[in-house]
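K.L.:
The chain contents come next:
Number of protein chains: 2
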Amino acid sequence: MAVSSLPCIQSLRAPFKVSSFLSAGVCGGFSKKKKINAIVFASWRKLEKEVYLQSKVDSLLDGIKWDDKGLAVAIAQNVDTGAILMQGFINRDALATTITSRKATFFSRSRAALWTKGETSKNFINVHDIFVDCDRDSIIYLGKPDGPTCHTGSETCYFTSISDLLKEQEVEQNNLALTTLYSLESTISQRESELAGQNGKPSWTKRLLLDENLLCSKIREEADELCRTLEEKEDSSRTASEMADVIYHAMVLLRLKDVKIENVVEVLRQRFSQSGIEEKQSRVTTQS
Amino acid sequence: MAVSSLPCIQSLRAPFKVSSFLSAGVCGGFSKKKKINAIVFASWRKLEKEVYLQSKVDSLLDGIKWDDKGLAVAIAQNVDTGAILMQGFINRDALATTITSRKATFFSRSRAALWTKGETSKNFINVHDIFVDCDRDSIIYLGKPDGPTCHTGSETCYFTSISDLLKEQEVEQNNLALTTLYSLESTISQRESELAGQNGKPSWTKRLLLDENLLCSKIREEADELCRTLEEKEDSSRTASEMADVIYHAMVLLRLKDVKIENVVEVLRQRFSQSGIEEKQSRVTTQS
Chain A
1 MAVSSLPCIQ SLRAPFKVSS FLSAGVCGGF SKKKKINAIV FASWRKLEKE VYLQSKVDSL
61 LDGIKWDDKG LAVAIAQNVD TGAILMQGFI NRDALATTIT SRKATFFSRS RAALWTKGET
121 SKNFINVHDI FVDCDRDSII YLGKPDGPTC HTGSETCYFT SISDLLKEQE VEQNNLALTT
181 LYSLESTISQ RESELAGQNG KPSWTKRLLL DENLLCSKIR EEADELCRTL EEKEDSSRTA
241 SEMADVIYHA MVLLRLKDVK IENVVEVLRQ RFSQSGIEEK QSRVTTQS
Chain B
1 MAVSSLPCIQ SLRAPFKVSS FLSAGVCGGF SKKKKINAIV FASWRKLEKE VYLQSKVDSL
61 LDGIKWDDKG LAVAIAQNVD TGAILMQGFI NRDALATTIT SRKATFFSRS RAALWTKGET
121 SKNFINVHDI FVDCDRDSII YLGKPDGPTC HTGSETCYFT SISDLLKEQE VEQNNLALTT
181 LYSLESTISQ RESELAGQNG KPSWTKRLLL DENLLCSKIR EEADELCRTL EEKEDSSRTA
241 SEMADVIYHA MVLLRLKDVK IENVVEVLRQ RFSQSGIEEK QSRVTTQS
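Sequence lines, in order, name chains A and B. For the first sequence, position 235 matches number 235 in full-length UniProt numbering, and the numbering has no gaps at all. For the second sequence, position 206 matches number 206 in full-length UniProt numbering, and the numbering has no gaps at all.
Some clues are possibly wrong.
What the hints assert, rightly or not - Once the Cα atoms are required to be at most 27 Å apart in a straight line, the calculated DSSO-like pairs of lysine-lysine come out as: (1) B:LYS103 with A:LYS167; (2) B:LYS233 with A:LYS257; (3) A:LYS233 with B:LYS257.
Claimed, not checked - These stretches of chain A come out as covered by chain B in the derived footprint (C-beta under 8 Å, 3 or more residues): (4) 55–65; (5) 79–90; (6) 116–123; (7) 158–170; (8) 219–229.
Calculated directly from the structure, the hints in this document are not laboratory data. Since the structure is predicted, the reported quantities are computational estimates derived from the model, not experimental observations. All C-beta atoms in this analysis are idealised placements derived from N, C-alpha and C, irrespective of residue type, glycine included.
Next up, chain A with everything else stripped away, as it sits in the complex (with noise of 0.2 Å):
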């Protein structure tokens, strides 16, 4: 496929914005032949920059090893928690729409067409980086999903447990597939709900969300407790678990103000994006 229009492509990471250049016709200050020169000046910059764009594309798509059926597969993955979303297939013009729609786009086998996760339902993937394997007939669209990605309303399309079809007795096969922090979260609900542990009395968990008090106390405690294996050399493994104490503990509060992990993580993603770690300095020092 042509790709005619890649305005996007630089974007993917760090937004590239031709409008800037043709803006330049418009400011004050500039003669009319000025004007005119810097117009035909920012258009023949475009141009040349798109020109070498399709060709770094071309280049890509050529550089993937697409099957005797001129596929390969697409894995779409929350950039956030890792989830992996939906895999489908692509061919050349399902990775060349979406390099420059930045909407996760395949191809379906069974149509015979393009297809972009979120055209009937709006739940879009928004693909903020693609990535090609060693093999190069593989990518991942590591990206946003604007809402659920399965068809019948789920995250992700991966929520039976071969370990769960398998065991004696029939279980809900709803369970995702989910990565340790996701699913110490999702245990964290449980217990919420839960009245006693099996012991008749209830879980550490469930304690400490009916103790504000006392979840406060400790995350204070652990993250002293984390500070001290700096302060005091303590082994790298007693980081490691003052560390785990802390997450997990607040991690009941998130529970507690029914945030979830997800958005924590968003938040830090937002924060480096916008030149984020120097944004939290900026902060820091108008706080102090």
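Use these hints to put chain B onto chain A, whose structure you have.
P.N.:
Using the frame of chain A, we list chain B on its own:
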């Protein structure tokens, strides 16, 4: 494929020990006849379980939508970090083998043969659970790698970013597909080697790395501010922001102690796979 032995299937999540039945035969307090009966009973129970599990696995394998070449897609994901390690294809035998061996196994299309990741390098991917997608033609091997997954020595096979490839300047093409927390971890590491920021001053991260007192006072302060969002009933958005501060500052401390966030998440997983939160409860009870 006939799967001849399935002792590990149920232990994907909760260890299922057939041996615990057999060991009854060597315990004291039984007469010889009772011992023989116990052994026969245990063997019968084992056989019954294996036949039952075999039928479950067969039914599960029948339920996968294998393509016209008898294949489906398999994605290996790190259970702690969420990193997509590699992607391959599986046939019926490859999936059955992974279920029994719990080592991620694929079908090599080029060699038309099964291969277990790590059979040469010893960097196996230890599969904790397997998830099937809504269409039943794509699966996730969720597990823990013994070492770098890629044959190049890279942690994962996805280390080429398309936004890097499309930049005007040539860039080093070794940019792992990192989700937000791990990208932040990488940024903190980079700051350590920087002398000064763009404005000639050291970045905030660099200042924290150079001043342990400042870092520890910030960690304690941020933990306190997080608690106050609960105690003083502040907005949830404030909680997310304070939690982000706690995580960021604590991650700077991790850098100084050479602890990876993956190590911390692994501690959390090990805790709650050992009936984790209750394990924590018992530790707290012992401490207090």
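K.L.:
May I ask which of the numbered hints given earlier this structure violates, with the numbers listed in increasing order?
P.N.:
Checked against the structure, the only hint that fails is number 6, while the rest are satisfied.
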